[in-house]
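Residue numbers (our numbering), protein chains in the order written: chain A, 1 to 330; chain B, 1001 to 1512; chain C, 2001 to 2368.
Check the hints yourself; a few may be wrong.
[Unchecked claim] DSSO-like cross-link-like pairs, simulated, lysine-lysine; straight-line CA separation at most 30 angstroms: (1) Lys1310/B x Lys2168/C; (2) Lys1023/B x Lys1133/B; (3) Lys1448/B x Lys1404/B; (4) Lys1068/B x Lys1028/B; (5) Lys1448/B x Lys1201/B; (6) Lys2168/C x Lys100/A.
These aren't lab readings, by the way, just hints derived from the structure by calculation.
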Amino acid sequence: MTRSPCLLAGLVLAAILSSAAVAEPALVYSVGGRFDGSFNEAAWRGAERFAKETGESYRDFEIARDADSLQALRSFAARGLSPVVAIGFNQASAVDAAAKDYPQTSFSIVDMVVEAPNVRSVVFREHEGAYIAGLLAAMASQTGTIGFVGGMDIPIIRRFLCGYRQGAASISADTRVLFNMAGDTPAAFADPARGAELARSQIARGADVVIQAAGGTGIGVLQAVADAGKLGIGTDSNQNGLHPGKVLTSIRKRVDVAVHRNFSDARDGKWSADVQVLGLAEGGMDWVIDADNRKLVTPAMEAAARAAETAISEGRIQVHDAASDGECPL
Amino acid sequence: MSEELAIELVGIDKRFGPVHANKNIDLKVRKGSIHGIVGENGAGKSTLMSILYGFYHADGGEIRVDGKAVSIAGSQAAIALGIGMVHQHFMLVENFTVLENVILGAEGGPVLAGGVSRARAELKRLAADYDLKVDPDAVIGDLPVGLQQRVEILKALFRGADILILDEPTGVLTPAEADHLFRILRVLRDEGKTVLLITHKLREIMAATDHVSVMRRGEIVATRKTQKTSMGELAELMVGRRVLLEVAKGPATPGRPVLQVEGLTVRDGRGVDVVRDVSLEVRAGEIVGIAGVSGNGQSQLLEAIAGIRKVRSGSVTVDGTRIDLAATEVDAARMRRLGLAHVPEDRHRMGLVTRFPECENAILGYHHDPAYGRGAFLDYDAIRTAAREKIEKYDIRPPQCMLKTANFSGGNQQKIVLAREIERDPVILLVGQPTRGVDIGAIEFIHKRLVALRDAGKGVLLVSVELDEIRALADRVLVMFDGRVVGERAPETEDSELGLLMAGAAGQEAAE
Amino acid sequence: MTAGQLPRWADYILMPAINVAAAFIVSGLVVLLIGENPIEAVKVLVWGSLGWNEGIGFTLFYATNFIFTGLAVAIAFHAGLFNIGGEGQAYLGGLGVALACLALDRYVPWWVTLPFAVAGAAAFGAAWAFIPAVLQAKRGSHVVITTIMFNFIAASLMVYLLVNVMSKPGSMQPETRTFEDGGRLPLLQDVLPFTDFGSAPVNFSFLLALAACLFVWVLVWRTRLGYEIRTFGANQTAAVYAGISPVRITVVTMLISGGLAGMMAINEIMGSQHRLLIEFVSGYGFVGIAVALMGRAHPVGIVFAAILFGMLYQGGAELAFEMPAITRDMIVVIQGLVILFAGALEHMFRPALLRVFGVLSAPAGTPA
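Next up, chain A with everything else stripped away, as it sits in the complex (with noise of 0.2 angstroms):
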């Protein structure tokens, strides 16, 4: 069996490259596409900031199927492509194959630790973002009652909900926080129309204040909790803007900054495997206060965030992470 001509020169080239100082780096995101206006838009964002301030270019990937990722890593690192960031604990095991087969390729992964010497793992503790935006939530509510709709009842949608009931409760151990989980297929991130009939039924039962930890679903969330005259709470990027006044504030991930990080380490030379934990306090996760919502949060509210946030990072305030043992303490 011969190799295509095209081909063959494509490892040639990739063998020279690879031995070259600077390779060109690569995302390969996750199911979900580019541009599904959250996880995969954010680490998207990352390297373009990447792009513009350097002025280098970068090779991205988007996966149809959790199977194709190996496929997708080793395709990049064959090219010399260094190093292969890939987005979502879904390519896990993929990067690991794909690591022990490129040995001299660089491979970060987001969301998921996968040791080994050449992977950087970069992981988020995104309870702690969850638990300010319980704390926000359970102050700004009239009612007592706050909504939580997930994707999933996966392990990392039921640790952001656990941060965010130990926030609520943090304020008040009356708070009740109705929650709900879209659904059982990757459709359950996908689905507007399913996350506004949940926002609904949630605000019914009188929450008033509904974050949205859905992707894709979560617009159907903010767009019904809005057009009730309620709160929403945004996640991952900053949805403040979609339903300016009506979205309390929005937790964010920051992937981009993972991915930015990981791409101009690599070009400085910087780069190193290890394992990288991002919460409040490196930066990895945030909250934001801008035009939208300036008028929505109190001082009161603020200042007891803000001073959450400094008790978290300086460890004075543990939250529980749920996916440690599977059990939420309240």
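We have chain A; now place chains B and C onto it with these hints.
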């Protein structure tokens, strides 16, 4: 009568693959006449009418309507030319009213109200002009078939038909209803309409038409003035040789009973009892015929006995083994094992899987026979060998057991079914409409086989809507009407008497 | 009424080839529209999927999935049933495979585990088809509706099991632990001498898939049960007349269909992922419908159709790499066009082809 032609066909030709359905047809139909087209099933009558109505496009030839050459691309075009068709199977929406059915497809705009009132007035006029009385607000499903047919005629007239084609219109009618239909047709003719009557029943041609064209094997072999011909001549023209309408058979020598049916009642899906408390007996060595107008429960009776149809009550005894059909789970396989064979009425729907090769149909129902394979597997060599034997014995053509069954002619398909059922050497054979859609040569063959089976000491229960066939074959005749056996007669009984029984006129005379 | 027939080779080879060619021509136009060279795109697609060892390996790996799901749909077709629940049945099949592997992988070699995994896959897949089958047979609830509903139930059940019951403690991922060697099928290149598929995951399951093709062929065309299935599918009234129980055939066929769909999990779970994870089926069950349609429900046709779809999957991924302007969505468009032409529009070229053959064979035509 004017000599103006309503329809003229010149050199119409149509092939379906290897089948030459219409060969160079020339036909002249005079305006204001009733023109019969008679021929055996498969002679090409329906194809010709379908070409005239735009269902098929002729490969060659010309159609002239009112003297002008036309091209008829579809039924809409036909309607525009004033051609209306009353199909053998009615094209009516059962749960619509008469009025709604009449305007269906001719609503005259998106808003119904205007069209409806206009249609009502028009319907009234038509009813008065042509003696076609139907309640416009009756629901079709509630009407007897005779009236449903009238609605079909009204539909065609409502669309402005001057030329009316009726395809086998009497198949579903009692003799009285048929007479009424012919009266209507004569009124239509007298009012200037032209009627084309397609049938294979010579009696109707003689009774109703002015002219008659005979079709045989895709050709028009003769056109006659009806008054100047006879049934004998027409039959000979149809078949192409002198026809023996009688089957040579000796007197029956009935032996022990091989089939006893007691108190059989079948309720159909609509909750109507279609077979009511039927009891009958068939002895070894006799043919029992069940006569009746189609749709009086004969089909369901046969299917119930064969174990295919669920019954409400009743039992069947086959060769001494009694089975309570209502109380036990019965299927066709069990009845077969008892020695009951069944040639169903509708070979396409039931007796054959037309997309299978011939040899696979030759084992339908008997595919578990150890002769056809070992264990879970089928032995195709054995199947083919057995099929070839039957092909030879029954002269099935073409003699190719791997040919798709759909590619055999109707008569040969029927022979495939008969060969399969008779060659199993059953104690009792149920036969429904054995010669429907079968050419005359095959009819003779099939009739001989059935008589031979009788003479071999088997029982035969024959259901047919062709009274001639019942007379020719049966040793005893039972008449069914409205789900009941309303009488038993000898096959020599007068037509008029049997006709009265079939029309239910004899009331509730019980079968002995 | 369709008059005439095509010769078998034309029916099974020429027709699909024309359909695929048409799909590619239309796809080419779309590629042209976005400013790329369609010839180049086809080259990349074909080379990417067949031009080098690893590409072939990936193509065969995907094809393995499609063969199983395609056979599942095909066998149901033969009984006139439209099983579109391959997705859920394969998902549940994965559970069967995983249970076998998790129980045995530490103690026995793979070839001991395999029969249990196959049994588990088939049993769980069949079980998932059983309820829709019974509902269809006894109550007349259409399998199209019930099987698709069961896809969702399968998704919910599996998420529940993977999150709450089967996941590794403390893991963020809804998936089981990774199987040890006893739960991993060998790669095809390790089984067949003189083959090299690079690092492609094509594995022993491919041979299993071919065996399944043979099994289906024998079952459908050489057994009494297959005869009953075909009779039932071709003409239900005739089947009842022949004493064939509709209930039995519906249920048995759906069980076989579900079992075949479940076997797809052997390839993904035991052959490649080596762990049970959510959403591993990711549409293979649905593509199986297109594969079965295109392969005319015949195992040989299904193998070819499966390889074609494997090529589209693998070559499509290569294409997205080589020509960034052709995005993933474009690949889906191309795949969609193939399904459209091969499945939905399959009768589009038939009349023309019939005419061509009619003209060619007219001199030899015999009058009836």
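Hints, one by one, checked against the model:
no. : hint                  : verdict
1   : Lys1310/B x Lys2168/C : violated (56 angstroms)
2   : Lys1023/B x Lys1133/B : violated (40 angstroms)
3   : Lys1448/B x Lys1404/B : holds (27 angstroms)
4   : Lys1068/B x Lys1028/B : holds (13 angstroms)
5   : Lys1448/B x Lys1201/B : holds (22 angstroms)
6   : Lys2168/C x Lys100/A  : holds (23 angstroms)
The structure does not agree with the numbered hints 1, 2 stated previously, though it agrees with the rest.
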